[in-house]
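**Student:** Letter by letter, the chains look like this.
There are 2 protein chains.
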Amino acid sequence: MAEAQKKRSRRRKKEQPIIVEPPKSLDYPNFSFDIEATDPNSRARVGKLKTPHGTIETPNYIFCGTKASIKNLSIPAVREARTDIILGNTYHLLIQPGTELIEKMGGLHNFMQWDGPMMTDSGGYQIFSMGHGSVADELKGRNKDKGREKSLLKITEEGATFKSYWDGSTIHLTPELAIEHQRRLGADLIYQFDECTPYHVDRSYTENALRRNYRWADRCLKEFERTDSGKQALYGIVSGGVYEDLRKESCEYVSSRPFFGTAIGDCLGGTYAEFKEIVSWCTPALPEDRPIHLLGIGRIRDIFECVPLGIDTFDCVSPTRIARHGWALERGNPEERINLRNAKFRDDPEPLDPSLDVPASRDYSKAYIHHLIKAGEMLGMQLIAQHNIAVINRLMREVREAIRTGTLKELEKEWLPE
Amino acid sequence: MAEAQKKRSRRRKKEQPIIVEPPKSLDYPNFSFDIEATDPNSRARVGKLKTPHGTIETPNYIFCGTKASIKNLSIPAVREARTDIILGNTYHLLIQPGTELIEKMGGLHNFMQWDGPMMTDSGGYQIFSMGHGSVADELKGRNKDKGREKSLLKITEEGATFKSYWDGSTIHLTPELAIEHQRRLGADLIYQFDECTPYHVDRSYTENALRRNYRWADRCLKEFERTDSGKQALYGIVSGGVYEDLRKESCEYVSSRPFFGTAIGDCLGGTYAEFKEIVSWCTPALPEDRPIHLLGIGRIRDIFECVPLGIDTFDCVSPTRIARHGWALERGNPEERINLRNAKFRDDPEPLDPSLDVPASRDYSKAYIHHLIKAGEMLGMQLIAQHNIAVINRLMREVREAIRTGTLKELEKEWLPE
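Taken in order, these protein sequences are the chains called A and B.
First residue of the first sequence: 1155, per the numbering used here; consecutive thereafter.
First residue of the second sequence: 1155, per the numbering used here; consecutive thereafter.
Keep in mind that the hints were calculated from the coordinates and are not lab data.
Be careful, since some hints might not be right.
No copy is singled out in the list; a pair is fine if it fits within one copy or between any two copies.
Stated by the list, open to error - DSS-like, lysine-lysine: derived pairs with alpha carbons at most 30 Å apart:
#	residue 1	residue 2
1	1317	1520
2	1520	1385
3	1308	1528
4	1258	1520
5	1317	1528
6	1528	1258
7	1498	1258
8	1258	1402
Predicted, not measured: the structure shown is a model, and the values here were computed from it.
Go ahead and model the full structure; you've got the sequences and the hints to work with.
**Tutor:** Structure representation (structure tokens):
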């Protein structure tokens, strides 16, 4: 691996940086972000984020519809769980069914029949993380370097080349192509292309990637300006890995560019303490009038840790992913969740949460869902997925209310008692 | 196999028949079946079947919620597809999670949150068919005798013993236990216990089974009377395999007993012509004032063949089972269905059927569902399942209307053009 890195470094040194002049300013006529309330005790704030597909209040949670579907759930069921905004993954969608096809079908909104606000990432995250393990994997120390060489073939100044998991074909992605794919998908909030560095690389690797990410950001901005129709708003991404000075430098760079919003990305460290530290370096160094998104993080504990640091939006696959393993989120549980596979639920007549006005949470006994999971009935996962989304959406409503009333700490104790 | 049968026959001969005196009459105070219209050109009729959980019009289709769940669909989605009545399988439910548990949870209606009319079978069908292949398998010549010896351990005068596919435990089922299990489940329409004979047995095997089915019917009636609370109505089952005289004798026997309804069961032959012939022997020999159910049959063609023979209700797993393989039912298609896996749907912007007022049929392009199926997203199967149920429910509405107006033949040509 070290040898391979050296080789890559040598190759990289020969490459000429591609430098473009980014736009000085960009107009986002159909978008706005207004702070409505702030927490006197922290950086937490309530905002209104306006998009052409509706306005959402922040802090909010963006549910993952990775392959143009929220796993196991129909859009009416997602709406019933009071979801405000969802996300599609450019990487998966460009591989299958292709962004040209989705554009032809009227864009991602029409394709999956979601008419609310939507976000897409740039595709970069998956290219780099799928060969290397997710942010959560890094935090948990799993999958170090595993398979990175296999799917990610090459990173150059121009962009990245990787192998499609779908058909083995070679796919090339550049800052310009990342914008083009996201134009075709047509989500409201879109992303610059960046390299998400792995945890176990040295400072010089991170620094090189960071500098290239700057140039990629400028190329994205230029391409965004060239094809702008006022229907999408662009987010910049803060990188710099685990290095405080690089993070702050990255915040400064991204802030100097006319992005609509900012996301904290790249490697978020190897421990939970490190993760929180990295987020706390970034948020004070970012423009207060831009929404701040935290990429790929979203357990209940994370929300209570990161909202006070100033995070406005979260996304994570976990609410629907854990549902597939029988885990249901629970308010007031220090563990955050219960496993409905557990035999103790076999004859539990209580619903998951009757105070939630959602069929999955209110109408069915835990015994029934336990039975469905045991019997391998897909309906079990479907019900838990709807419930988990409803729980998270309620959490976000309560978090916003608590910021307004200055009671975030009290709310945290209700959700996560000692 | 022939050797094993002879052994069983020898053992059976030694057994003393268990003969009970069945009730002369039974009251079904909360049930009724009224003929509202008849077709002048056939035995087809429109009826009203009243149960404690509501009244349904017939001909109607009973969708299979085998393990207390309509595969992949929530009850709100099933209702949205305008479903009137569903079915649970006693065999699967007694194996997992057990009928005691479901009773404790308020019965099957409450357990799965379906508040409309419901049917359960006696458990007999699966005991015999799961070791031997389904009726459809027989019609298609598949799975002959395969595995029968494995799950079905013993048939005696007393009942049947089989091995649970769940945990390998030995389970005994008798006519009395079949009623007891169905009492606990609490469906509106319940069944006598019977042996469903396989296709490749000789006449004497069928005849012996038939005579034992009579005695089992009487034991069921007696047990039903003993535990009757007015909330359930009992169906008798016509057996006799492929033998005309045995079928007619069975019709006579079942008709002489105070069942609320009649079902045509047992082996329905090896070809489609044989199947239709068997049904046409039975229906004229059954009481006109009792609803007639056809067990386990329910393609679109079957409906058009069997409604004119006098069948009032159908059940079949096919609408949800074929959905799992990408097949969507289609009105006006001689093949009945289309396979959404087919590449020609990749960029088809049309919905499955915009005239159906159901999200799955109306809102999504075939291209989207094709993508979901290809990408392995469960939502694809979910959408097709809801669509297929909506198509069948529409078919049954149109069939009822066509009987009233004497236009069943014309309707058949609309659904199944040459």
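**Student:** Of the hints given before, which are not true for this structure?
**Tutor:** 8
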